[in-house]
Amino acid sequence: MTSAIPDFKPAILALSDGTVVKGRAIGKTGTTGGELCFNTSMTGYQEIFTDPSYYGQLMMMTYPHIGNYGTMSRDDEARKVMIAGLIVRRFRMITAIPLPMAVCRIIYLTTI
Amino acid sequence: MQDYLLNNNLIGISDVDTRKLVRHIRTKGVMNAVISSEIPDEEELISMAKEWDSMEGLELATKVTRKEAQTVSSDGPYKIAAFDYGIKQNIINNFVNRGCTLRIFPAEADLEEVKAWNADGYFFSNGPGDPKASARYGLPMVNYAKQTGKPLFGICLGHQLMALSEGIETKKMFVGHRGANQPVMNKKTGLVEITTQNHGFTVDEDLINTDKVEVTHINLNDNTIEGLRFKKFKGISVQYHPEASPGPHDSSYLFDQFMKLVKQSSDYEEPIEISTTDKAQN
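If you read the protein sequences in the order shown, they are chains A and B. Quick note on the working numbering: the first sequence kicks off at 397 and runs consecutively. Quick note on the working numbering: the second sequence kicks off at 809 and runs consecutively.
Think of the hints as simulated: they come from the structure by calculation, not from any bench. Nothing here was measured: the structure is a model prediction, and the numbers come from that model. We put the CB at the ideal spot given by N, CA and C, even for glycine. Any given hint could be a false lead.
Where chain B lies over chain A, by a calculated footprint (3+ residues, C-beta under 8 Å) [said to hold, decoys possible]:
id, stretch
1, 409 to 422
2, 425 to 439
3, 446 to 460
Distance windows between CB atoms, simulated [claimed, not checked]:
id, chain 1, residue 1, chain 2, residue 2, range
4, A, ARG501, B, VAL880, 30 to 36 Å
5, B, ASP1030, A, ASP403, 42 to 48 Å
6, A, ILE503, B, PRO991, 35 to 41 Å
7, A, TYR504, B, LYS1020, 34 to 40 Å
8, A, ILE508, B, PRO885, 52 to 58 Å
9, B, HIS1057, A, LEU505, 26 to 32 Å
10, A, ARG501, B, ASN951, 51 to 57 Å
11, A, THR425, B, LEU1015, 42 to 48 Å
12, B, ALA924, A, ASP403, 38 to 44 Å
13, B, GLU921, A, VAL499, 47 to 53 Å
14, A, THR425, B, GLY837, 29 to 35 Å
15, A, LEU505, B, PRO848, 22 to 28 Å
Isolated chain B (complex conformation) (with noise of 0.2 Å):
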């Protein structure tokens, strides 16, 4: 494992105690930190975590994203146009199985690119940073989507610019939700699901519009919201991440739900199965 932090030129520190560096985080909220096994000046090192730059207002999702389009395809007959804002393997590994063609365009995407994809589909990913600061690139496409009436998923950051794309505020958390035990209940079945969770900012609960959306999950431990449906176009998204790695798999039915939509909304047309119980009735 050293060999895995060298080879990805990671810094750590072990040996301290984190279950009590952790309660300290939720008494005084989120804050910024700086780990050095090279400077030994604590006021220096205090000073430069108090200098570091606060994740409100930062845009990160550049950074991660793919220089350049790519299909991803497992030949099937359903052509999803994923925006990958720092998209996680297992999304893209979610709808290649649920036999889609993906085509992953980057954060900064080509506007005449996506429209030339056509797409049965549109996926908006998870991702680093602030909301509000991709905006500037995300509420295009996601506006660009909800005007073509084909549906909208979106994941994490992309549930948020999805949110914000309907006048809906997003806010940074007093202490993030990053785990894979957080419940939330679908507030039309009743059910909870045990959820991975990995997210410092919200969809703002008091700002709710609800000629806009529909809240469809919420987390049971504070009531943040956790899923929306939209009114205005064929639109789920949610907070959590239901590809789960790492986590419980309660929740990969969203994908489903959103394939259920792209189905209704593509002109293919799977072939019938006969089956071979029919077949012996007959």
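Chain A on its own, in the form it takes in the complex (with noise of 0.2 Å):
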């Protein structure tokens, strides 16, 4: 199941050279920190959220669609995810319930 929209709450990035950028929260309320990284892979954000090489580090993505397409036990490449903070550009709250195989099947079967 999915849950609605949050409401917009505020959220502060800060640099420790001095830049502050101000965005949306997502996820857990609460403050992180750590070495800032950016990753510029367009697809495969859950094994890198899982990735244990990351650990202690906020991730920021490049590209600016994140969650568009959910997540899947598989693509864990660890048992949790790793990164201590995520920075995207846009951030896909809510992610389509997946359907069953079959049913998928069905329904190219019949549209196409």
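Starting from two chains that each stand alone, build the complex the way the hints lay out.
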């Protein structure tokens, strides 16, 4: 099941050189920090979030739409999310509910 | 996706100009930052970011490694000892799919347990943090593996540990490589692979000792070292991620290359396959 889109809540990203950027809070409310890294991959965000090499780092994704295809447990590279925080341009708050493969096949065969 | 972040206790920020921020970091160099949806005071957040621990010198592999050794098997005949500094699942899959029984040891492994496993090959995984900070527990294992005469393979942090074991220094990069589109040339074949990368430290290209290593792969964007072949022992290593996840599969041949070395060193004799074409000719 999916949740309703939460109300806008502000968040701040502050860099150690004094740069401050304001945006919208996503995920859990709180404060986190770490080395600010960016990843240019257009797809594969779940593998990136769960890559243990990113432990303790803030992950900024350069691809502007993140979350558009949801997540699947088989795409986890570790038992949990490893990044310390996430920075994105547009975040897909709600993802479509996945349909069973059999239903997808029926839809495909009846609509082509 | 909001549920996914909440379930994983992940704090994030959206609706920011990520392209502008990336250009800023690429000009100024990598730096620490803080995200907050509860503290509105900008000065306080900037000061928190300034005081946050630098990645340089930071040891993190022990925070992500498994607590105890674990065996993952395809019931295959080749035994690999893998050292988990933050090993990615698809690396494990790549070995298992190639007929390996993998014993995955934690970062601070017990040497007697490793010796008892009596592996046909040794693998040193990717992981977070400064490689020099992981040398404390990593180098004794690399050095043990070297003297067994069996082949070694390292990815990312593993590659850096293998270089450090030969006295070749690593250094922090101005801006790391993180993406799935980095072009790497295999110097032997001249072929270019598009690779997945995730590293903020690199083997120092100015301190390469050609008596000890041959540089086998280089990054075509900035000439950083991407792969080494070790001359004093049977070892290959790459800075990038041949297991992809995410990314292109151009470099999966490296697992085959390592397996060839493992098979040559192993006592296991593969059964000879008789092809039907041979039979027909007879």
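To see whether the hints hold, each was checked on the structure:
1. 409 to 422: It holds, with 14 qualifying residues against the three required.
2. 425 to 439: It holds: at least three residues are needed, and the stretch 425 to 439 of chain A offers 15 whose Cβ sits within less than 8 Å of chain B.
3. 446 to 460: holds (count 12)
4. A:ARG501 <-> B:VAL880: 30 to 36 Å: holds (33 Å)
5. B:ASP1030 <-> A:ASP403: 42 to 48 Å: With Cβ atoms ~44 Å apart, the hint holds.
6. A:ILE503 <-> B:PRO991: 35 to 41 Å: holds (39 Å)
7. A:TYR504 <-> B:LYS1020: 34 to 40 Å: violated (57 Å)
8. A:ILE508 <-> B:PRO885: 52 to 58 Å: violated (46 Å)
9. B:HIS1057 <-> A:LEU505: 26 to 32 Å: holds (30 Å)
10. A:ARG501 <-> B:ASN951: 51 to 57 Å: Since the Cβ atoms of ARG501 (chain A) and ASN951 (chain B) sit about 55 Å apart, the hinted range of 51 to 57 Å holds.
11. A:THR425 <-> B:LEU1015: 42 to 48 Å: holds (46 Å)
12. B:ALA924 <-> A:ASP403: 38 to 44 Å: Since the Cβ atoms of ALA924 (chain B) and ASP403 (chain A) sit about 58 Å apart, the hinted range of 38 to 44 Å is violated.
13. B:GLU921 <-> A:VAL499: 47 to 53 Å: Once the Cβ atoms are compared, 49 Å apart, the range 47 to 53 Å for VAL499 (chain A) and GLU921 (chain B) holds.
14. A:THR425 <-> B:GLY837: 29 to 35 Å: Between THR425 (chain A) and GLY837 (chain B), where Cβ atoms are some 31 Å apart, the hint holds.
15. A:LEU505 <-> B:PRO848: 22 to 28 Å: At 54 Å between Cβs, range violated.
Going down the numbered hints, you'll see the structure goes against 7, 8, 12, 15, while the others check out.
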